[in-house]
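Protein chains in written order, with my numbering: chain A, 1 to 292; chain B, 1 to 794.
Source of the hints: derived by calculation from the structure; they are not laboratory data. It should be emphasised that the depicted structure is a prediction, and the values quoted were computed from it without experimental measurement. Cβ coordinates follow ideal geometry from the N, Cα and C atoms, glycine included. Just to be clear, a hint being listed does not mean it is correct.
[Claimed, not checked] Facing chain B, according to a computed beta carbon distance under 10 Å, are these residues of chain A, among others:
(1) 190
(2) 272
(3) 279
[As the list claims (entries may be wrong)] Below, in silico cross-link-like pairs of lysine-lysine (DSBU-like), each with a Cα-Cα straight-line distance of 35 Å or less:
(4) 407(B) / 53(B)
(5) 45(A) / 53(B)
(6) 45(A) / 279(B)
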Amino acid sequence: MIPSAFDYAAPTTVAEALSLLADAESAGDDVKVLAGGQSLIPVMKLRLADPSMVVDLGRIPSLSGITDDGGSLTIGAMTPHHTVATDPLIAAFVPLLAQTAATVADPQVRHRGTIGGALVHADPAGDMPAAALALEAVFNLSGAGGNRSVNSADFFQGYFTTAVQEGEILTSITVPKYTGWGSHYEKFTRVSQQWSIVAVAALVRVEGGVIAQARLGLTNMASTPLRASSTESALAGCALEVGAIAAACANAADGTEPASDLNGDAAYRRHLATVLAKRAVLAAVGLSEERG
Amino acid sequence: MTATATPRPEVGTARLRKEDAHLITGRSRFTDNMVLPGMLHLAMVRSPFAHAKITAIDVSAAQASPGVMAVLTGADVAAEQGSLPNAWPVTPDQKAPSHPSIAVEEVAFAGEIVAVVIARSVAAARDAVELVDVDYDELPVVMDLEEAATDKVLAHTSLESNKSATWVFDSAEAGTGTAIAEALANSDVVVERTLYQQRLIPAFMEPRSTVVDPTGEQITMWSATQIPHILRLMLALTLGIPESKVRVIAPDVGGGFGGKLQVTPEEVITLLAARRMGKPCKFTETRSESLQVAHHGRAQVQRLKIGATKDGIVTGLHVDLLADMGAYLGLITSGIPVLGAFMYNSIYKFPAYHFECHNIFTNKAWTDAYRGAGRPEATFAIERMMDELAGELGMDPLELREKNWIKHTEFPFTTVAGLEYDTGNYEAATEKALGLFGYDELRAEQQRRRESGATVQLGIGISTFTEMCGLAPSRVLGALNYAAGGWEHAQVRVLPTGNVEVVTGSSAHGQGHETAWSQLVADRLGVPFENVEVLHGDTQVSQRGLDTYGSRSLTVGGMAVLAAADKVIEKAKTIAAHMMEASEQDLEFANGSFTVRGTETSTSFGEIAFAAFSAHNLPDGMEPNLDSEATFDPANFSYPHGTHLAAMEVDTETGQVTVLKYVCVDDIGVVVNPMIVEGQVHGGLAQGIAQALYEEAVYDDAGTLVSGSFVDYLVPGAPDLPHYITARTETPATSNQLGAKGVGEAGTIASTPAIVNGVLDAIRHLGVKDIKMPCTPSRVWHALQEAKTTGGVQ
Ligand SMILES: Cc1cc2nc3c(=O)[nH]c(=O)nc-3n(C[C@H](O)[C@H](O)[C@H](O)COP(=O)(O)OP(=O)(O)OC[C@H]3O[C@@H](n4cnc5c(N)ncnc54)[C@H](O)[C@@H]3O)c2cc1C
C-alpha cells in the first residue's frame, strides 16, 4: 500500500493554488488536488491513480467554514463532514445536509473528508451529491480564467465526473435556507458503515394540510445523482396520508439506470428507491407507517 | 510459618488478561515491527490471470530500478524451492499439482506469485514490481465448483481431472450403523436439499508478515503464524534444511482463525531470498494481498438427503459434498471436509449415515482451515436439514430435535459416525436457553405478525450443535492419514526464587493462554498468579509443540501443563521430605507449602526451589533443579455443545434482516477464565453471523476476486451485531483431568444455521424455502418476489 512517488505542494491561498495547478499543467504534470484525502489517497495507494504532483488545499484557511449570506449559507469546500454534521447554522437552515453528512462513513473519515472533496469526487454511491442536488446548491469554482458558478443540475456530469475543469477548484457551495421545509435522508446499507446501496434525500414543504412541493435526490441510482422528478410532480398536492405518499413514490425509479453489484442488482435497486423515497418523504412530513 | 487462608481458586476466576497491557499500550512486537541491521524488503509480482502459461519474464527494468538488489523468478529458484507441503493426503490416490512458491511454468489462480523483488526499501520494491514484464498465454479458467466437477475445463494442465480425491464414510461398512439406501427407502418422508457454503476469507486483523535472518549458525524466521513448530518442520522438509538449523518465532500474532495455520509461499520465498542475499529480509503483505491470497475457507456444495418416520424419528442421513480446494492443496486443505464428516450426525441418534466428499480443484485461491474447519459446514447442513424436515412434517423444529437427540442418560454414546461422545446434556442447555429467550412469547408475536400480514415479519432460528475439538488423539489422526500427531508438550521450571516459568507448545495468537495457563499453574502449585510466566511461540524456547488450532490448546496443551506441574510437585515433595526429615507419606501439599501432617512444620515452594537450585542438600542421587516436562496425548476428542436461539426481523419490503435477540447456552465443560470464554463466544458468534448475513468471497467469470477489499468483503462491526445473551451449562469432559472441552469455535459453528433458520422461519409462510448465504437484503427480497410469482404464498 505504497503510492508511486509524487511531488507535493501546500499553498496557503487560492491564488497560489491556482498558479501551482496552471504551472504543473503547462509542464505536462499529471496534477491532483488533495482535500481530505479519503478518496484520493486510497486510490493512490492502490496505484489506481499515480499523479506526479499533488496540491494540498489543507492549508488554505479561506476554503473552510460556513457563512450566513441572509437567504442562503455558503459552505467552504474544505469544511470537513464532521463540521457540516454538527454546525448550528446548517442544523437550523439546512438540516438535510447535516443529517446526510452524519451518515458518511465513520468518525475518522468524517473528520478528514471534506464536503468539497465528496462533491468533486462524485462517487455514484456518495451521499453528499444527492443531498446537494435536492437542495439545489450552487457550486462556486475558481480557475485561472476567474470565478464561475454552476447550478447543481449542471454540476454532476457522469461517472466520477463534474463540471470542475482541469486547473479549476471548487471553493464553496451556496445552499438556500430551507425554512419551513421538512427533510430526511434515508440511506440503505447492509452494515452500519457502508457506502449507500441506494439512498434518498427528501425535502418537503407542506401547506394547507397537503404537500405543496417536494425535492428528491437519489443516490446510486445512476452514474450521477438524480432527481426523482416523476415522484416530485406526483407529490405536489398529495394528501398527508401514507397510502397517497406511497403511491406517489412508486415512480421514484423512473428514468434511473442503477448498476448491479454485490449489494444488489438493478431491479432490486429500482425497488429500493421506491421504498426509500416513501420512507424519506414520510419522515420529512412526520408521518409513520405501521410495519411490525 | 503462619498458616494463611486458602486463596480463592484461580480456575473459574474472570481475571483480566495479563498479555493485554502490552498489546493495548502499543508495546507490541508484531513481525512487521521487527527491524534488523541491513534488512532488505520484498514485494511480490503476482499473476493478474487465474490460469495462464508463463511464456517470458523480463526483469531487466526492475533490476535497474533504484534500490533494487535482485529480482527472482520461479526459474531462478526452481532447484531449491521444493513444493509447498500438504500434510493430509486423505486417500492413497489423492491427486495434487506440484506447488512451487514461485510459479515456474503455469499459474492457476489470480494472485499467484511469479517473481519477487528484493530491495532496500518497501517503496523501492513496490515500485519495481510495476517494471517486471511478464508474458502470459491465457488458459481457460474453471471457477464454478459444480462445473469444475464435470472436468469440462481443467484447472491445471498437468492434471487429467479436477478431482483430487473422494473420501467416503459409510455406517454399514464401518459397522456403526445400518445401510443408508435401505434406511431412506423405508422412510415415510425423505427431504432432499442442496445447500451452498459460500467461500469466506478469514480476514484476521494483522496481515501476514515474515522476517528471516540468515546470519548466524541458524536461520531465524519470525512469522505471523499460528504454527511455529509445524512451520519449522515443514520448512526443513520442503527446503531440505536440517530442522536444527531453523528457528521459528511467532511473536505477537494478531489473530488467525485458521488463516495462519499454513506454510505459505511468502514464508518460503522470504527464507530463500534471505539465504541468497545473506541479509535479513522482510515481507509484509498488504490488506489487498491478504484478502486475495491468504487461504480462504468453507466453499462447499452440500447435497443432502434426510429420511424420517412420520412422527419425526430420523432414519438416516446421506451427505454428498463437493469441496472446493481452490487451485492447490495447502497444509490441510484436503482434510477440512473430512473433519466435518464426523459431525453431520451432530447431537442426534441417526441409525444410518453415509458421507462422501469429492475434493475438487478450481482456479481460485486455495482453501484451508477457517474457524471450525469442516465442522461449521457440517453443523450448518444438519441444522438446516432438521428445520427443513420439521417444515415438511409440520412439527416444531425444537420438538423434532428433542425427539432425535442423545439423552443425557445415554452417555457415553457411540455415534453413527463412530465417535464416542463422553458427556453432554442437551436437555439442560436447551431448557436454559428457552428460559432466557422467551420462546413461547416470541412464537405468539410471530403468529400475530403473520396473521396481520405485517411488513416486518419475525423469525426464530434454532441451532443445537456439538463439535469434536481438542485435536486430537494421535492414533485417530494416524487412522485418518494425517501426517503428524495430536499431542502437546509443556515444561514447568521453578526458578530459584520460586517464580515459575511455564513453557507451552501451544502458540497463542490472541486467545489469552498467558493468563489461562498462569491460572492453571497458580492453582496447582499454590503460587501467586503474578509469579507465573508463560513462554511460547519460539522453537528455541518451546522446543516441542504442535501449536494452536481446533480448540485444542486448553484440552491438550493445558493438560500437558498440568501434567508437568504434577511432576514438579512430586519432585518437590521428595525434597521437602528430605528437608524436614519426614516421610513423604506424612506430607500434605496445600497453598504452595508442604506440611508434615498434624504438625506446624512446613516448607514453602520457594524454599524447596532454592534448595533444588543450590543442591547443597538434596536426597542422594537426585538431580538438581525443580523442572519437569510432560507431553499429553488425549485419549478422545472433547465435545462441547450448546443451544443457540435467535430472533430476527425480516423486512419484506427491503429484505433487510435485523437480529433482535440472540441467546446462546454453551456447555464447554469446566471454565478456567469466564471472561476469556465470553470473548471467544462473542467473537465466534460475530464470525458465524457474518457468514449467514454478510461475508462472501466472490470471483468474476475471468477469475478476478471481486470482493477484494473491505468495501466489498463485508465484515460486520459492533453496531451490526446484536447484544448477545450468553450463559453456560457445565457437564465436565472426561477425556481430560480438568473436564474442559474447548470454546474457540463454538460460536462460529452454532450461529450460522441459527441465523439462516431464523430468516427462513420468518418468511417460510410466504413460500420461501431457501436463500443462499449470505442472506443479503437483495437475495431475501428476490426470494420473496420469486415465491410470489410462483404462487408460493399459502
Ligand atoms: C472508509 C471510508 C468510507 C467512506 N464512506 C463513505 C460514505 O458512506 N458515504 C460517502 O458519501 N462517502 C464516503 N467516503 C468518502 C468520503 O466522503 C470522502 O471524504 C470523499 O469522497 C472525498 O473527500 P475528501 O475531502 O477526502 O477528498 P479527496 O480524497 O482529497 O479528493 C477526492 C477527489 O476530489 C478532488 N478534489 C477534492 N477537493 C477538491 C476541490 N476543492 N476542488 C477540486 N477538486 C477537488 C481531488 O482531486 C480528488 O480527485 C468514505 C471514505 C472512506 C475512506
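So, going through the hints one by one against the coordinates:
1. 190: holds, 6 Å
2. 272: holds, 6 Å
3. 279: holds, 9 Å
4. 407(B) / 53(B): violated, 58 Å
5. 45(A) / 53(B): holds, 29 Å
6. 45(A) / 279(B): Roughly 28 Å separates the two Cα atoms, so the pair holds.
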